[in-house]
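*Asks:* Sequences are here, hints too, so could you generate the full structure?
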Amino acid sequence: MSLRDDFQPKWKLFLKWGWLSFAVFILMAPVFYTMYISFNELGFGAKYYVFTFQWYENVFSDKQLINALGWTMLLALITLPIVIPFGLLSAKLYKQSTKKVWIVFVLLSPLFVPADILGSALLVFFKNLNKFFTFISEYTGIYMFETWFDLGIMTAVIGLIVYTLPYVFVVVMITMARYRPEQTEAARDLGASAWRAFWEVEFPQIRAGVFSACAFVVILTFNEYTRTSLLKGGFDTFTSVLISQMLNTGMSEESYAMASIVSLVAIVIVSVILIVTAVRTEQLEKLTRVVKEPN
Amino acid sequence: MANKNAIEVKNLVKTYGDVYALNNVNLNIAEGEYFVLLGPSGGGKTTLLRSIGGFIRPDSGNVSIKGNNVDNLPPDKRPTSMVFQGFALFPHMSVSQNIGYGLKLKSIAKEIIISKVNKMMDLVGLTGLSNRMPHELSGGQQQRVQLARALILENDVLLLDEPLSALDAQLRKDMCIELKRLQKTVGITFVHVTHNQEEAMSVADRIAIIADGEMIEEGTPQEIYSNPKNKFTAEFIGENNIFTGLITELNKNSITVDIIEDQINILNKNYNVKKNQKVSLSVKSESIEIGINKKVTDKVNKLQGKVTEITFLGQFVRYLILLKNGQEIQVRTSHESKNIKLNDNVSLSWDLEDFLLHEK
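One line per chain: the protein sequences are V and H, in this order.
Just so we're aligned, residue 1 is where the first sequence starts under the working numbering, counting upward by one.
Just so we're aligned, residue 296 is where the second sequence starts under the working numbering, counting upward by one.
Be aware that a few hints might be false.
Mimicking SDA-like on lysine to any residue, the simulated pairs with C-alpha atoms at most 25 Å apart in a straight line are [unchecked claim]:
1) 361/H <-> 193/V
2) 92/V <-> 351/H
3) 100/V <-> 350/H
4) 399/H <-> 182/V
5) 479/H <-> 501/H
6) 401/H <-> 413/H
7) 131/V <-> 235/V
8) 99/V <-> 313/H
To be clear, the hints were calculated from the coordinates, so they are not data collected in a lab.
*Replies:* So, in C-alpha cells, the structure goes:
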C-alpha cells in the first residue's frame, strides 16, 4: 500500500500534479513541436501551416536512411541475444550474492563513464587487440583471427553490450526482486533441473521485465550515437545519418520527420513498458497476497 | 510403527562464518513416524530440515534416507518432498497444474496425471478447485495444494518447513488435525519444523528440541512436556518456573535444594547428583496451588509471596507472584479465585513429584 496523507489539503495535491505536468510539458514540448513541424508542408518558420505527409514519404524513400535503419536493426538484433542472457545472469547473481553493492557498482560503472570517453577507450582497446592478433597471426601463420577486432559489426556490438548491460540488469533486477526463490526450490524439490525450474517457473514470472529490457535495448541502440559512431567502421546507423545530415545541410524538413519517428517509437515503447510493468506489478501483488478467505 | 529408520543424521555440522547453525547433530527418525523439530527461531531446525532435503550442503556429517547415503544428491534426486512455509506455489499455474507439476517432470502420461491429481485433491479436501489460481485460495487451501503437490510424488519422506506459520490460530489447529490424519492415511515419514509447541504437541509421534544448533532433547510429546530432562526444554515447553539452588540434603527418596531464603524438597528420581552441587529445578505453573496466606507449617514444601499481577486468559487465570527472594513465578489456575486480589500475600504449595531436577 502506498503511503497516504489523508489530512493533506486538496490544493496541495493539485499543486503537486500541476508541477509534475508542467515539468513534463517543458521537457516534452520541443519533441511535440518537432512533430508539429514535421507535418507542415511549408517547413520550419513558415507563416502558414499546410498539413502533409510529404516529409515522411521522403524519409522512407531515402535509400541511405533505409539502409542505415537496416544496419541499426541488425545491431539491435545481434546485441539482444547476447546482452539479455548477460543481464539475466547478472540479476540472478545479484539476488543470490551477499556482496550486492559490489555487483551493482561493477555493472553500473559503464553508466558513469562519459559516452565519448568509453567509446574512445574501446576504440584504443580494439586497435591494440588488433595489433596483438596481427602479431599472433604473423607469428603462427594462422590468419583467421587477424581481422577479428577491425572496426565493424562486432566492435559496435561490443560497445552496445557495454552500454546496454546496466539498463538490462536494472530492469530485470527490479522484476526479479518480486520473485520468491522458494518457488525455484519447490520446483527443484519436485524434480526439475535448474534449467527447467528457471524456464518453467521463474521465467514466466519475470517475462515482463525481460521483454521490457529487450525494448530498452532496441531503443538504446537506435538512440546511441557516440560509441557506435566511434566503433562501427564503414556502415551508417540511423542516428549517424540523422546527425550527419543535420550537420551538413542543417535541419531539413526530412530531419524533423526522422526525429519525430524516433521520438514517437521511443515514447510508444516506453509507455507500453510502463503500463505493462504497472499492470504486472499489480498482478504480482495480487498473486503473492495470502487471501484469508476463499472467494 | 516400524522400527527401521527412514532418516539417519550423523554428526551433522553446518557453519555460517563463526556461527554454528548445526553443531554435531545426531538424529534417527523411524519409518512412518510423524517427527517434529521444535525450537526457537534461529536454533537450526530449518537448517537441519534443509540439509535432509538437499537444499543445504553441510560442512561435515552424513544424512542417510532409507539406508542410502544422500550427501551428494541435489533435492531433485532425493526421495523427499518439501512443503514450504509459504509463497511456494507457482502463481502462474492453476491448482491442478501445481499439483501435477512433479508428475509432468517425470514425463508421466497426461491421463494418469489427471487421475492422480484428482485423487490427491480429494484426499487433501480440494475437490472442485482444480481450475482455481493460487491467489484465489485461502491460506489453508494454499497449504493443502502444497501438501498435495508434495504427496503426489509418493516419496518416502515429507519435509514440512513451518507449514502453518502463515495461518491464523484457528486454521492452524484445524490443519494440525488434517496433517495428522493425512500422515496416518499415507503412512510415510513426516518431518515437521515448527517453533509452536502446541502445533508440535498436536501432531508429533516424537519431538526433538533444537536450539543454538544443538539437539537438546528428544522424546514423545508426553515425555517432553511432563518430564523434561533439560533445563532449556523446561523453559521452552509449557509454562515452567525455574529455580537455581544448591543441594543441601540428598538421600534415596528425596533431595533438598536451597534456593535463596527458601528450601525446596523434591522426589529423588535416581538423579545423578551430589551434595553441594548447583542444580536447576522446574515446576509447571499449573502444578502449583495458590491460597491465601496461612501460617506456613511445612517450610520445605511451601513458598510465600505477594500477588503482583492477575491476568484473565479465557480458559485459565495467571497469577504473577513475587517471592521473598525477589524471584517472580507464574501460577496458573483454571478459574479465578474470588479471594485472591492484587498485593495479597499468598502461600504456594505443590506435590513432591511435581518438581523436576535438571542436571544440565
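*Asks:* If a hint holds in the structure, say so; if it doesn't, say that too.
*Replies:* Results for each hint:
1. 361/H <-> 193/V: holds, 23 Å
2. 92/V <-> 351/H: Since the Cα atoms of residue 92/V and residue 351/H sit roughly 19 Å apart, the hinted pair holds (cutoff 25 Å).
3. 100/V <-> 350/H: holds, 22 Å
4. 399/H <-> 182/V: Holds. Residue 399/H to residue 182/V sits at ~19 Å (cutoff 25 Å).
5. 479/H <-> 501/H: holds, 14 Å
6. 401/H <-> 413/H: Roughly 18 Å between the alpha carbons, so the hint for residue 401/H and residue 413/H holds.
7. 131/V <-> 235/V: holds, 22 Å
8. 99/V <-> 313/H: holds, 18 Å
Comparing the model with each numbered hint stated earlier shows that all of them hold.
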